[in-house]
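> The lines below spell out each chain.
There are 2 protein chains.
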Amino acid sequence: MRAGRPVVAVDVGGTLTKTALVDGRGEVLEVRSEPTVLRSATGLLDQLALAVADLAAAHAEGHPDAVPAAVGVHVPGLVDDARGTVLLAENLGLRDVPLRDQLAARTGLPVSLGNDARGAGTAEFRMGAARGARTAVVISIGTGIGGAVFVDGRLHDGDGFGCELGHMPVLVPGRRAPVVCACGGPSCLEQWASAGGIARSYARVTGRPAHGAREVFDAARAGDDDAARVVGDGLDALALAVAQLATVLAPEVVVIAGGLSRAGAELFDPLHERLEQLLTFHRRPRLVPARFGDGAGVIASALRADELLEQLVLPLQQGPSS
Amino acid sequence: MRAGRPVVAVDVGGTLTKTALVDGRGEVLEVRSEPTVLRSATGLLDQLALAVADLAAAHAEGHPDAVPAAVGVHVPGLVDDARGTVLLAENLGLRDVPLRDQLAARTGLPVSLGNDARGAGTAEFRMGAARGARTAVVISIGTGIGGAVFVDGRLHDGDGFGCELGHMPVLVPGRRAPVVCACGGPSCLEQWASAGGIARSYARVTGRPAHGAREVFDAARAGDDDAARVVGDGLDALALAVAQLATVLAPEVVVIAGGLSRAGAELFDPLHERLEQLLTFHRRPRLVPARFGDGAGVIASALRADELLEQLVLPLQQGPSS
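In the order they appear, the protein sequences are chains A and B.
For the first sequence, counting from 1, position 103 maps to 103 in the working numbering; every step adds exactly one.
For the second sequence, counting from 1, position 130 maps to 1130 in the working numbering; every step adds exactly one.
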């Protein structure tokens, strides 16, 4: 279903932004990575417009076949895909930014904008670890937690408000998580189980900073009881969320994506074990790691740009509508 | 969309079974109610076959227009609608019973079988409190808790395993509910928040039996601290489940159905309040009581029989398939 034309794939992260030129066969010709301009809609727009122009120009001479035809962009946060608007991106410091149309105006190219976790989830659902399933959930665990929920073959985005798995409250009200979430929630899953949440919880419990969840997992394995408790709490919360999804949606497969999925058996074995304690008659979802790793964001954005081109091509092929 | 033919609507409950003859305009001509035969698939089958035959015979003379053309049946439990099989109905004491085909063989009528809460939810979604919504959740709170989840206009039943809202685990593993659920789950929503669960919790806390949740609500209002705590725990758990559904699915409306929905403001006001404590950026679902009360089961079963007739009529109208 590739439209067969080169695209620019943009993956805006809370720390780094990757911009890639992808040719019509899906080959990545070049990737650039730079710190994301934060807390400024115009600053970010300038950055993205420049990156797109640079990539296009760098290949204009030597590769006449690599002139991009569209741009796909994913950002972390609430996105109204249909309107192309960033509703709220806490980590980028953006609110109500019509980024799609603004970037299209600046680059002269058609742009499609979406939420990063839903984009990565779509890549897994179409071509990755959830391929072949009708109902599936992809949980992306990195600095925060994002998600993508597929019901009967289709992404359910709830007009931009669905799939926010990182902000599922996972405790009965009155029992509060150690730290209030950036969203203001008293007990969001990502406070317990994201890489960032695990590092913060460890720092709070011990008074010693942790540079990422990896360090806390390592400390737990080395016999640090505080670390073991923090990791255990995270796994408890994650198991609870997966069990709730299994109860409501009965997905065939649950994919764990993002940085934390690289913890492998150290994550999946205790998660399986906890899930078994929570589920009874429920259909067990297959619990699997994502197929796509660090490159997921770029793949997803290229896929998004492809889809846009297909949508644009379709009306042209059909001629003027009747 | 009424097929315009009389049907028999059967609502099998954990205590009573209602059987109704419904004419082509949707008027209920007669309803019978009798204690459900429990823990015997053949016993229940005999009971249902007899009730259908009785209703049909009673009207055969005086009402030639009231000869039923199909039977719709709802049961509480896990049902595979497509195969017409009761997978597991704890409260009826049934497991793996192909009730649809058995009842069709006994009555000579086409039969459609489904889960009671999904049936009642469908009635609310099509004609009741959730009418007009694309994405909605109906939570039926009675002796137990059942649910129906509608995504983009369609019921999502997860091959019979979805929508089991009563068995959403609502606590982090390791923190156990007062009583293990009938399903074996350590912390199912229905242990905390169903009418049965509230009565059981009160009895456990005080050593005094409660004859239903109504009594516990009344005691709480009269200043009984134990009752207030039990009701509060139930509302906490229910708010948590609604917040989780709002986070994952972003439904436009959440309908509370079943006996407990009659508690009115006593239920809805504190539920709203708790929900506000849990939700931040999330889209707020409208939180409303069901339109259909005690008669929901019969309405839903008549609707199910209607649908079956439409499906049967369609191929006939289209002629032999090519």
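Be aware that one or more of the hints could be misleading.
[Said to hold, decoys possible] Derived coverage of chain A by chain B (criterion: at least 3 residues anywhere in the stretch with Cβ under 8 Å from a Cβ of chain B; other residues may be distant):
| hint | stretch |
| --- | --- |
| 1 | 98-110 |
| 2 | 248-261 |
| 3 | 275-288 |
Source of the hints: derived by calculation from the structure; they are not laboratory data.
We treat Cβ as the ideally placed atom computed from N, Cα and C, and that holds for glycine.
> Which hint numbers does the structure go against, in order from smallest to largest?
1
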